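Visitor: Here is how the chains run, residue by residue.
There are 6 protein chains.
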Amino acid sequence: MFLPIFFIISFLFSSTNADDFCVGDLNGPVGPAGYSCKKTATGDDFSFSGLRTAGNTTNLVKAAITPAFSTQFPGVNGLGLSMARLDLDVDGVIPMHTHPRASELILVMHGTLLAGFMSSDNKVYSKSLNKGDIMVFPQGLLHFQINTGKTQSLAFVSFNSADPGIQIFHLSMFANDLPTDVIAKATFLDNAQIKKLKGVLGGTG
Amino acid sequence: MFLPIFFIISFLFSSTNADDFCVGDLNGPVGPAGYSCKKTATGDDFSFSGLRTAGNTTNLVKAAITPAFSTQFPGVNGLGLSMARLDLDVDGVIPMHTHPRASELILVMHGTLLAGFMSSDNKVYSKSLNKGDIMVFPQGLLHFQINTGKTQSLAFVSFNSADPGIQIFHLSMFANDLPTDVIAKATFLDNAQIKKLKGVLGGTG
Amino acid sequence: MFLPIFFIISFLFSSTNADDFCVGDLNGPVGPAGYSCKKTATGDDFSFSGLRTAGNTTNLVKAAITPAFSTQFPGVNGLGLSMARLDLDVDGVIPMHTHPRASELILVMHGTLLAGFMSSDNKVYSKSLNKGDIMVFPQGLLHFQINTGKTQSLAFVSFNSADPGIQIFHLSMFANDLPTDVIAKATFLDNAQIKKLKGVLGGTG
Amino acid sequence: MFLPIFFIISFLFSSTNADDFCVGDLNGPVGPAGYSCKKTATGDDFSFSGLRTAGNTTNLVKAAITPAFSTQFPGVNGLGLSMARLDLDVDGVIPMHTHPRASELILVMHGTLLAGFMSSDNKVYSKSLNKGDIMVFPQGLLHFQINTGKTQSLAFVSFNSADPGIQIFHLSMFANDLPTDVIAKATFLDNAQIKKLKGVLGGTG
Amino acid sequence: MFLPIFFIISFLFSSTNADDFCVGDLNGPVGPAGYSCKKTATGDDFSFSGLRTAGNTTNLVKAAITPAFSTQFPGVNGLGLSMARLDLDVDGVIPMHTHPRASELILVMHGTLLAGFMSSDNKVYSKSLNKGDIMVFPQGLLHFQINTGKTQSLAFVSFNSADPGIQIFHLSMFANDLPTDVIAKATFLDNAQIKKLKGVLGGTG
Amino acid sequence: MFLPIFFIISFLFSSTNADDFCVGDLNGPVGPAGYSCKKTATGDDFSFSGLRTAGNTTNLVKAAITPAFSTQFPGVNGLGLSMARLDLDVDGVIPMHTHPRASELILVMHGTLLAGFMSSDNKVYSKSLNKGDIMVFPQGLLHFQINTGKTQSLAFVSFNSADPGIQIFHLSMFANDLPTDVIAKATFLDNAQIKKLKGVLGGTG
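Listed in order, the protein sequences are those of chains V, A, H, Y, Z and E.
In this text, residue positions in the first sequence follow the numbering used here: the first is 1427, and each later residue adds one.
In this text, residue positions in the second sequence follow the numbering used here: the first is 1427, and each later residue adds one.
In this text, residue positions in the third sequence follow the numbering used here: the first is 1427, and each later residue adds one.
In this text, residue positions in the fourth sequence follow the numbering used here: the first is 1427, and each later residue adds one.
In this text, residue positions in the fifth sequence follow the numbering used here: the first is 1427, and each later residue adds one.
In this text, residue positions in the sixth sequence follow the numbering used here: the first is 1427, and each later residue adds one.
These are computed hints drawn from the structure, not numbers from a lab.
Quantities reported herein were computed from a predicted structural model and do not represent experimental measurements.
Where hints are given, some of them may not hold.
The list treats identical chains as one, so a pair stands whether inside a single copy or across any two.
[Unchecked claim] Distance condition first, Cα-Cα at most 25 Å in a straight line; then the derived BS3-like pairs of lysine-lysine: (1) Lys1488 to Lys1557; (2) Lys1576 to Lys1557; (3) Lys1465 to Lys1553; (4) Lys1553 to Lys1621; (5) Lys1549 to Lys1465.
Excised from the complex, chain V in its bound form:
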């Protein structure tokens, strides 16, 4: 007796699993809206355990960013949101950066962070954040987070894009072959400062 009721809707969903989601096929063609859709999906495609463990903070910034974007977590492909985990040792810093395609919400899990962003009219909006606090960084603006407490700090950040991008200022400037004189003209920094940081960060030119 229950077959007829199935009939009325069953052919709605016969030809594609892309109706409600589009788990990314990292080997298929990529387009402006993201990865192609995998043909089948299970519950495992929609969960991700890669943020369970802290990133390696044994580095210059004493901090680590662990992303769960569509490339790491294909389940969010096409769904317009993603996350990342931030680990900061004492004195650690997530350096000055932007996300070119998303706004961000930070949630502090433990520790104390000084977080801030600059607006287009060069004003500073900053706040000291503690456990349970959240803060929003409007789309595309320069922002930073610094561990100003006496313990390690853990935070999670959410984005309204499955592929928000992350552009870290000092790496964009000093970790490639952008010529020193171009950087000097475009940033007002001294040549000596630029060359010093190119040395530290592996840049040339």
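For chain V, the structure is supplied; the task is to place chains A, H, Y, Z and E on it using the hints.
Guide: Frame of chain V, contents of chains A, H, Y, Z and E only:
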């Protein structure tokens, strides 16, 4: 003499027919924005006769939904709208459901329908609709239509998505293997009620 | 005992009725996204009976367009869809026009219509439509509908905008003060033709 | 010497602070895109401490949802994202619900949750989540979270809308005046079941 | 010493170059959002020299449109903007046309242009533009540009779509096989006028 | 005789001029989608002469940006595009900056510019541009333009937002009260360098 005027614009359109539309290629790759585009199209690709005839209403709900979404009518792929036909016998009902990715407009062609939706603050917005009436159901909200008249009823619904989706509550709950105790906890329904409906609708667990 | 469960969500919805919809306040400020929201709403705000009756077809085109856009039906404001009713007498025509901000789906209720659109590369996509047929007109493209049958025809059109706009070619050209020589240069039409139509349609210049 | 460089850009930003953000003015007009913008903003507008403390879980579901949507946290107005805090006692449950205008990412802070969603074709995608795990719920689909562990559980959820909405199934059905016979027809539930839940949840009709 | 800092972000970007852009692969699958992405890109992909030189104005309209849309300039694919160059001899005209998927900004480089558009309520908004002037044409509306000066004129137009489309009225009507009687009914033009222009522009029917 | 034809459409447009455009009312409420709409508009509202003349380049960067965003040119409000004029003396530079809400197309009118952007993976995409060349800068990425020729240079830039924003790195860092030690931690720059630039650019802290 007319050739030069062609020349000024002809190369605008030489390499793709995807300029103005993207008739879905059901066999090509699928992405978050929909199907890939067929390489050529004719007038037939943009019209659809599948809504001419009534769906089979010999079923538990005495009603039928006949969709013209991008899977059935690939001409709407990428254009952001679609339709469906609703046939309701006397006492027929389109059960409580949502469209996860679209708002809906219903147009009653004949008969009398009681239609309604519930908002996020649990209010009911309902209306008795007659021939020629339209009603809007805001995106993603639970809604229903019931034939409260003494004749068959016919209605057409429009969506602002080529792939709006349709999630029917009792099928989502009782026509799969979602465990009875999970349903009971998440819906407040009694176990006996759940098991009875799983029996009717083919669910297990 | 039921009060606590209300508590957990009640404050979610205390301060605005704009959560799920935004019924247009035609007297409030208007912005790029549409009208301001009315402060309260009832079921009546979401239904509309203005499409029940045929428009007046005693005119030059033997046809009438009756819109249910956000201005006529404020319930669709902000929801991204709307409708209109088309009545065509024998030999009636919905003249060559575009909708600058929406794609359109036509549904033929009775009679026979020849409908078509032209693409950017000047191809014609046309189809003779009968009762129950639907056809899509991609966003912004010139299209028309002509009653080619021997009876009156009725159709309903859906749009994926609450405010799709409608620009009818001959009225845009000949029913205002656009100078005849400008029209002649920009359309290749003869001055005599232009002046004749300005006379019929009330244009000057 | 530094004045000239200011001159070249200073007039860019003279007339509005809405360039980069639009902190909601809860007393101004509301439109389809959200609240009007406050005229001035400080760092405090962009952070929120309302998620620091657990919601009150002394209720039927042994759980609490504490939102930080644009109504509670006007700093996210217009920025397209928001959060909420979920507290679940042992055996607590966030009941079956949808967000009509957003996809969701859940992040488990402690405890064990069984989470799942149903797709339009009635399949179940569920997963047992532990500390540090995330899971995505595609836009508009029914989903639930149940504390299946032996300790309290805490989770945070992110949305890609500043006003995602939340529609809880049993409250939409049983906590208002939707008539029992309508519910029965539209959900397949028995009248006795409906009346029992209306009694528990405060509904009438 | 600089290796650790690379480590913290290097795996963000390891699997795709589609993060920040999606240079169109004209030979790959096309979808509703545009071309597939090329696998690699260089600086050359983001610049275009095809607008350096004037189009051929030896034609009926004494004007030429040279587009830099995603088909000609694949670097803009997926980025939501494009340009075109307009050359107009003395008495030249860019004929009455629409862009179905974009608003337009014109910038006059030299000469004098009369430019205008018609709104949905048939009003004319026109302006005489000189060197350095800009004018906006709202999405989808009929507009035109005429060289009313005594010298050649050059202008550049920008669109907020990588594939705005261009529909030129007289070509859509008279340069294809749309039957004369259909055109006559749908435009109010006389049969003689239609046939004359079909002759000039290569149309049949 | 022409009155009837007016009748069929005249009531479409009776109550608002916001149908096709929304010229910004700089004194009305502002929302996330832009300014409120002026009640009436003329051709003058849609054109702008403020880009006719060069900006004042007597400053540290030997360059000037003259914007035509919705604040300066309210005709583009809600239409999703805008422009700006760039004047660069010999050795002038538009410093390293981002547009948080838009992609950009540059068009070089005269002179020679070295232009470039950095992607999220720290690669440099640069190009020497001459008269008539265009180049695209993907949304939100750091980019710069330098006059590398022996004459003044003039360029125009288009954006796919009416309010793209502009964030200039050295002003965001050094022209406000962001503390020196915060800048040092977040950018790797030396304190001496920071203090020197704060002195030049008027910053404190």
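Visitor: Hint by hint, say whether it matches the structure.
Guide: Hint-by-hint comparison with the structure:
1. When the C-alpha separation of Lys1488 and Lys1557 is checked against a cutoff of 25 Å, the pair qualifies both within a copy, at 20 Å, and between copies, at 23 Å.
2. In this assembly of identical chains, the alpha carbons of Lys1576 and Lys1557 lie at most 25 Å apart whether taken from the same copy (14 Å) or from different copies (24 Å).
3. Within a single copy, Lys1465 and Lys1553 get their C-alpha atoms only as close as 45 Å, which misses the 25 Å cut-off; across copies the closest is 20 Å, which meets it.
4. Within a single copy, Lys1553 and Lys1621 get their C-alpha atoms only as close as 33 Å, which misses the 25 Å cut-off; across copies the closest is 23 Å, which meets it.
5. Taking CA atoms no more than 25 Å apart as the test, Lys1549 paired with Lys1465 passes between copies only; the shortest distance there is 15 Å, against 48 Å inside one copy.
Of the numbered hints listed earlier, not one is contradicted by the structure.
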